[in-house]
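Participant: Residues per chain are reported as follows:
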Amino acid sequence: MIHTYQFVVLVPYVAALILVAIPSYRVGAIVNVVASGLTFAAGLWLVGGERTVGHYAIVDEFNIVFIAINTLVGFTTSIFSASYIGHEIETGRLPPSFLRFYHAMFQAMMGSMNVSLIANNIGVMWVGLEIATLITVVMVGLYRTPQSIEAAWKYFILASVGISLAFFGTILIYLAGQPALGEGVPAMTWSLLEGAASKMDPAILDLAFIFLLIGYGTKVGLAPLHAWLPDAHAEGPTPISAVLSGLLLNVALYALLRFKMVIAGHPAALNPGPVMITMGLVSLVFAAFMLYQRRDIKRLFAYSSIEHMGLIVFAFGMGGPLANFAGLLHMAMHSLTKSGIFFAVGHIAQAKGTQRIAEITGLSESHPRLAIAFALAVLAICGMPPFGVFASEFLILTTTFAREPWLALVPAFGLLVAFGALLMRLQGVIFGEPAGQSHPVKASFVPIVMHLLLVLTAGIYLPAVLVAWFRRAAELLG
Amino acid sequence: MTGDFLIQLLAQGTQMFMVLLIAPLTVGVVRRVKAILMRRQGAPLLQGYRDLSKLLHKESVIADSASWLFRSAPSLIFALTWVAAALVPSFASGLMFNWAADVVALVALLGAARALLALAGMDVGTSFGGIGSSREMMIATLAEPAMMLIVLTLAIAAGTTRLPGVADFFIGQPIAVRVSLALSLIALIIVALAENARIPVDNPTTHLELTMVHEAMILEYSGRHLALIEAASYLKLVLYLSLLICLFAPFGMAPATASFGGWAIGLVAWVAKLLGGAALLGVWEVSIAKMRVFRLPDYLGVAFVFGFLAILLAFLSRGVGQ
Amino acid sequence: MNEVYDISHLLAGVMLVTSFALLYQGRIASVVNTFAAQSITLSLAVAWAAWSQDRPDLFITATIAFTLKGVIIPIALHRTVARLGIHHEVEKVVGVGIALMVGLALTALAQALLLKVAHSPENYYAGEQLALALAIILLGFLMMILRRNAVTQVVGFMSMENGLILAATGARGMPLVVEVSVAFSVLIALFVFAVFVFRIRERFDTIDVGALDRMRGDRR
Chain S
16 MIHTYQFVVL VPYVAALILV AIPSYRVGAI VNVVASGLTF AAGLWLVGGE
66 RTVGHYAIVD EFNIVFIAIN TLVGFTTSIF SASYIGHEIE TGRLPPSFLR
116 FYHAMFQAMM GSMNVSLIAN NIGVMWVGLE IATLITVVMV GLYRTPQSIE
166 AAWKYFILAS VGISLAFFGT ILIYLAGQPA LGEGVPAMTW SLLEGAASKM
216 DPAILDLAFI FLLIGYGTKV GLAPLHAWLP DAHAEGPTPI SAVLSGLLLN
266 VALYALLRFK MVIAGHPAAL NPGPVMITMG LVSLVFAAFM LYQRRDIKRL
316 FAYSSIEHMG LIVFAFGMGG PLANFAGLLH MAMHSLTKSG IFFAVGHIAQ
366 AKGTQRIAEI TGLSESHPRL AIAFALAVLA ICGMPPFGVF ASEFLILTTT
416 FAREPWLALV PAFGLLVAFG ALLMRLQGVI FGEPAGQSHP VKASFVPIVM
466 HLLLVLTAGI YLPAVLVAWF RRAAELLG
Chain W
80 MTGDFLIQLL AQGTQMFMVL LIAPLTVGVV RRVKAILMRR QGAPLLQGYR
130 DLSKLLHKES VIADSASWLF RSAPSLIFAL TWVAAALVPS FASGLMFNWA
180 ADVVALVALL GAARALLALA GMDVGTSFGG IGSSREMMIA TLAEPAMMLI
230 VLTLAIAAGT TRLPGVADFF IGQPIAVRVS LALSLIALII VALAENARIP
280 VDNPTTHLEL TMVHEAMILE YSGRHLALIE AASYLKLVLY LSLLICLFAP
330 FGMAPATASF GGWAIGLVAW VAKLLGGAAL LGVWEVSIAK MRVFRLPDYL
380 GVAFVFGFLA ILLAFLSRGV GQ
Chain D
39 MNEVYDISHL LAGVMLVTSF ALLYQGRIAS VVNTFAAQSI TLSLAVAWAA
89 WSQDRPDLFI TATIAFTLKG VIIPIALHRT VARLGIHHEV EKVVGVGIAL
139 MVGLALTALA QALLLKVAHS PENYYAGEQL ALALAIILLG FLMMILRRNA
189 VTQVVGFMSM ENGLILAATG ARGMPLVVEV SVAFSVLIAL FVFAVFVFRI
239 RERFDTIDVG ALDRMRGDRR
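Residue numbers (my numbering), protein chains in the order written: chain S, 16 to 493; chain W, 80 to 401; chain D, 39 to 258.
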């Protein structure tokens, strides 16, 4: 019997195999969209279905949030990718033969991310996340310009640091679980590890968490380990930037949170909260200031991703039902908004033929519709009121003010700094005289509008079902 | 009681004279093996004895600028080295001077001899002597820290720095394949090569101005002075070989309670191992090239790294055969 | 038990020594040869673990380590170096002495961290093995940081991965070791291929400030 959750994994992998066999890039793009749509449908079905804990897979209230976001953004990105890649082929930046590879890799990456979200085994989760990361490394180097190969190389070097430290931490967790759960698979199973945490050796758990925090923290893009992130975002194809920011960072965060749940099960083990709060705040403030010096538009939003991941890690570090709820909500809102921004940025970069912010001006005159979409998306990520990001940021700040008033000043300050930087850049891009070259772009507005509508709806009215769902997930996090 | 004392004295005396007796032969074996491998006729095995007796019968020429230090250094160096060589347990542990056979004492004795030699090298004021002394001191500053690390490793493993205690400890153990011991063995070999002025650090047969170290220091010596210094360097080779043997290949060595039979076996085993070690040294010297002086820090740095690693690993696996 | 442990400890120690040798080498050819020696030692260690823990599946890992990393990849790297005309000397960020000292400090760090784990008797042997493995991993990082050339960086990565496999075999009965080692091997093959195809040469200075400035978006 085939379970629903298997579709989420199987559909992308089967699609990847089919895509390898399709020579035409137009057909390939359509198959890509259809496969992503099917995966999204399977994801939705999973949300409505029952929660299961099996030998290999786990579907609970917590990871279903991630799966839903993952499949949704994967679907919209595939729509965006179809129009974006079409333009790249026409301008000759990519040869059509690469596209077969690109589409197959896209599906394999989505499948691997779903594997790591759904696996009930710390080893399988690690493998899934690593395969997804390494596929993105290849994708970042797709254009084969010296800059993109250099970015891919840097990404590879730093990602391998994360890979190995996370794996070492995984071995330590296994070593900790082994006395309580016996040798073999049980000591690597999430659902059993969480229950047996109190019987483990706290010294090993502490050590393991340090390694896991550094290892997976590199993937999340936390501050001292973030150096790969801007390069990888700026040099790869924009759909990959959108997936990187919107999804891959989330999957790494998911891994970190799961391990946090295990560690938190032992009273004498290190408290992950303060460590996560510190790393989150450092990332937030650092990235906020870095926003001012950026000259490349994709790099700008890459730093904005670091900033928001910092805020999310901070919220989860605070812990408690309300902060966890706010963190989850903010993660969802950030994924939707940031990938929407990258969709817009991709079209803008194609329209102006450059990624330099200084050379992109007067968009409201040359491409009015694109300008409006972009402006709305940037306002949303800044946390302007009607949008959902405002709601989640507001929630994070108010819960922090209620518990640790002084601590709340730091994220508030960081968000204000980032707000200023983004508005300043936005103004330069939208207004003024159009300069430089300008191409007409057949932009596909469906994904951007879809994301913006979702974020707007979440900001104005959060359905009670959704609130209840997120609340259950937040309670699981403890 | 008195009988015991006499036997002990006899054993210790045998050791003292054995090391002196066998030293020229050991060097002869090294030279002979090298000669055979190079397809040369080579000097006879007993050439070392002939050299020494020839030098002892020759007149000693001393430079006008030489001070008392130059004249007294050879005897002092010989005495210090001989004492040190006599302290290393060779065929039996538990000898009379055991209480003094401490590795730290050994390092100190050899260090004093080295300092005297370096001073004597500079005493006459020729440029070669100065170069030799300065290079010798550079090697010493690099080799001695490594040596101390090795000593520490052994001390951690055996719980004592006294050589007979260490040797007894290793005799009592099954041959343990411990990484830290293997590392300290390699480090000790590297240090031993440097201390004995062998290839790749120095070449004992060269008189090339640019490369010689040990030979440069003793260039001004002749006659009986040179004989004493040569004998000291022979003794030093025996000392290091005995040290390696007693620490890492102690089988056959007579324990503290043994009597004449045990000693005889120990003696035969020791001589065999010593000459075997000398032959290996000969093979090594033929198969490797001398290093440039500037690369010496790297080379001896390896000994230091190995010594340090050995210490780290010894902390992890405290107690051999735990 | 003691001999089993002694031999695995010895093999792990030899691997650690080859890690230091990797830092010490001055020519790319000898770096590649040293790496091959390390991989062959790893395959012996894994085979020993497979035999002593009675886990025949680990023999697959040992075979992969031997054929791929002990033979095929070193040969491929030698060819790459010859065909790309890469400079034969290893380009270093700092000298050998400093690199070795930092390596020693990292080894000490690994020991200090894992001594905490090794305090309980049932974890004693695993802890010791993990300490050696962690030291090898950290030395692999060090090599990736301190070497400018792409080939030597790849060797650093692979040596780090050797340490990971060693760590995984050190934890008794850990599942998925074989799968992970296969995944890693594919990955390595991919990157050796990448070095070859994309002709990544000496340009990539991962921690070089100049390179970071160049990459800050000041182009086009």
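Be careful, since some hints might not be right.
[Unchecked claim] Some chain D residues judged to face chain W by a derived CB distance under 8 angstroms, without partners named:
no.	residue
1	Tyr-62
2	Val-134
3	Thr-145
4	Leu-147
The set of hints was computed from the structure by calculation and includes no laboratory data. Quick reminder that beta carbons are idealized off the backbone N, C-alpha and C, glycines included.
Participant: Against each hint, give a clear statement of whether it holds in the structure.
Facilitator: Right, here's what the structure says about each hint:
1. Checking Tyr-62 of chain D against chain W by beta carbon gives a least distance of about 7 angstroms; that is within 8 angstroms, so the hint holds.
2. Against a cut-off of 8 angstroms between C-beta atoms, the interface hint on Val-134 of chain D holds, since the closest Cβ of chain W lies about 6 angstroms away.
3. With 8 angstroms as the threshold, the beta carbon of Thr-145 of chain D comes within range of chain W, its nearest partner Cβ sitting at about 6 angstroms, so the hint holds.
4. Taking 8 angstroms as the C-beta cut-off, the interface hint given for Leu-147 of chain D is violated, the closest approach to chain W being about 10 angstroms.
When the structure is compared with the earlier hints, a violation turns up for hint 4 alone.
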